[in-house]
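*Asks:* Those protein sequence lines, which keep their order, are chains A and B.
Position 212, counted from 1, in the first sequence is what the working numbering calls 212; the numbers after and before it change by one each time, with no gaps.
Position 10, counted from 1, in the second sequence is what the working numbering calls 1010; the numbers after and before it change by one each time, with no gaps.
Warning: the hint list may mix true and false statements.
No more than 20 angstroms apart at the CA atoms, straight line, and that leaves these computed lysine-lysine pairs for PhoX-like [unchecked claim]: (1) Lys1062(B) to Lys106(A); (2) Lys1062(B) to Lys171(A); (3) Lys1062(B) to Lys104(A); (4) Lys171(A) to Lys104(A).
Because the hints were derived from the structure by calculation, they are not lab data.
Just so it is clear, the structure is predicted and the values come from calculations on it, not from any experiment.
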Amino acid sequence: MKMRLLTNLLQDKLAVLSLAVIGLILAAGAMAPVFAPHDPNAVNMDLRYAGASWHYLLGNDHLGRCILSRLIYGIRPSVLGVLAALFVSVALGAFLGLVAGYFKGKTDAVIMRVCDIMLSFPGYVMTLAIVGILGVGLGNILLAFMLLKWAWFARIIRASVLQAAEADYIKFARITGVPSITILLRHVVPVVSADIAVVASSSFGSMILQLSGFSFLGLGVQAPNAEWGMMLNEARDVMFSRPELMLAPGLAIVLTVSAVNFMSDALQTALDPTLSKTNRKFREQASLPVKLRGKEVA
Amino acid sequence: MALLNISHVFKSYSAGGMFARRAQEVVRDVSFACEPGECLGIVGESGSGKSTLGRMIAGLEKPDRGIVHWEGRPVWDRRQRGCRISAVFQDYTSSINPFFTVEEAIMEPLRTSGMHKRKDRSSVDLLLEQVGLNASYRERYPHELSGGEAQRVCIARAIATEPHYIVMDEAVSSLDGSVQLLVLDLLKALRRKYAMSYMFITHDLQAAAYLCDRILFFKEGRVEEIIATEQLRNAQSEYARHLLRMVITS
Ligand SMILES: Nc1ncnc2c1ncn2[C@@H]1O[C@H](COP(=O)(O)OP(=O)(O)OP(=O)(O)O)[C@@H](O)[C@H]1O
Ligand SMILES: [Mg+2]
Chain A
1 MKMRLLTNLL QDKLAVLSLA VIGLILAAGA MAPVFAPHDP NAVNMDLRYA GASWHYLLGN
61 DHLGRCILSR LIYGIRPSVL GVLAALFVSV ALGAFLGLVA GYFKGKTDAV IMRVCDIMLS
121 FPGYVMTLAI VGILGVGLGN ILLAFMLLKW AWFARIIRAS VLQAAEADYI KFARITGVPS
181 ITILLRHVVP VVSADIAVVA SSSFGSMILQ LSGFSFLGLG VQAPNAEWGM MLNEARDVMF
241 SRPELMLAPG LAIVLTVSAV NFMSDALQTA LDPTLSKTNR KFREQASLPV KLRGKEVA
Chain B
1001 MALLNISHVF KSYSAGGMFA RRAQEVVRDV SFACEPGECL GIVGESGSGK STLGRMIAGL
1061 EKPDRGIVHW EGRPVWDRRQ RGCRISAVFQ DYTSSINPFF TVEEAIMEPL RTSGMHKRKD
1121 RSSVDLLLEQ VGLNASYRER YPHELSGGEA QRVCIARAIA TEPHYIVMDE AVSSLDGSVQ
1181 LLVLDLLKAL RRKYAMSYMF ITHDLQAAAY LCDRILFFKE GRVEEIIATE QLRNAQSEYA
1241 RHLLRMVITS
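Excised from the complex, chain A in its bound form (with noise of 0.2 angstroms):
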């Protein structure tokens, strides 16, 4: 199963492209001190609003800050914060969605009416209102993030369960005597995974859109500090005399929130057997040895 995945991933260029973006934006934020050719916080009076040049590749900002570098930094919060909030929601909305849509009945009630409850709120006025209470602080806004959205990620999978765990298999496995979880992990959780993937990915770029918002109002992550929607809002000020400044940031959020994308779709593709293509060549040139040994043995 594992090798079949690799294989079928490593043959979808655009999966292995997309799997090297997003390893190199991963590596990048967590190495950013090696990676940063400038400290990102460093004013430069001189140098404000400056072209890319060798010493600056992508050129400084209003305050002359190197913006590679900056660009780098940002990863941290951006992608590697909005990653560890998405993986937190995802995991207890999916651990909540599987437990209503399998177990049904009253658990499914509690759970479902308790999702109701959180998502009768408004997300924004949320995560406001959280931050008023904690204060204000990339911290407190990814936790707003995690408190809130496992509620539409339990009703999206939980749907999902439902319909999956109707399939003549699972009846199978339960007659059989497979305990439950064995039935959760071996056959619910790969037929929802791919819905699992699509709301997850399609969730990240709306989390870091949200997450540049809440920075420009000054909720989110501190002044000096780099962050990709924040760079974007400065970019703002200067629209219409230096457009070029927000190409950097923008570029960078479209690139990773469309990787993370193109990675999902290829996932879906490499671990569907009715979706993969080359698989069926493949087995077929393996399996010959095995319909010689057929014949040898009858």
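Since chain A is already given, all that's left is putting chain B with the ligands on it; use the hints.
*Replies:* What follows is chain B with the ligands alone, placed relative to chain A:
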């Protein structure tokens, strides 16, 4: 002692949401017994509650009232039931996990029952051979199988743990005529070989008469009549006679 003992079983589903008290009775006061090695056909029209009865016998659902006992103990007790009851379903498209190869699907019940230590890959070949498929099918995915092949794989999977009892809910109904006959013959042969009992749920009286020793006529959740297949032309109940007339005229 009877292998399977069903006595005064009732089952209803609540119709119309969580707060409605209205309950729709699907199975009403059903009692019968199955002897070891016997094949019982359950014949009834669509919506009569056959599948519901089958699910209760397979231990998937508990009856509201009454007992479903397997070798003298409640059937929904998973440890008691072990892997001695198995099942084949109608819808072969959803009977095998689309992410599993044929081999993985057949190995699953073996692994659950702890039999995989004794039985290895060659036993998968043997099982496939039993249902008339060759070993090259082992690496295939369900979407690469025809309906008849998929249903054979389901039968191979059902007999893998050498169960004493197999519940078959419309197991041949979605196959076309000639394939139906092949699968019915296969079921007959396997039954002799492994000394298994079947519960064969169908709406097709002809198929039931071909395979089964006794036939239970099921209508609106009740047992209309239970009769040995040889005695079929002496059926007493109105419903059984009606079904028989339909078969003869067609
Ligand atoms: N889980 C359920 N919840 C509510 N109602 C159900 C449920 N399962 C079955 N029913 C109802 O029980 C009745 C009998 O259903 P069942 O599936 O047992 O019929 P059947 O005899 O197997 O029909 P068919 O030949 O079409 O398969 C139907 O009216 C159906 O609507
Ligand atoms: Mg049915």
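*Asks:* If a hint holds in the structure, say so; if it doesn't, say that too.
*Replies:* A quick look at each hint next to the structure:
1. Lys1062(B) to Lys106(A): With Cα atoms ~17 angstroms apart, Lys1062(B) and Lys106(A) stay inside 20 angstroms; holds.
2. Lys1062(B) to Lys171(A): Holds, because 14 angstroms separates the two Cα atoms, which is no more than 20 angstroms.
3. Lys1062(B) to Lys104(A): 15 angstroms, holds
4. Lys171(A) to Lys104(A): 15 angstroms, holds
Hint compliance for this structure: no hint is broken.
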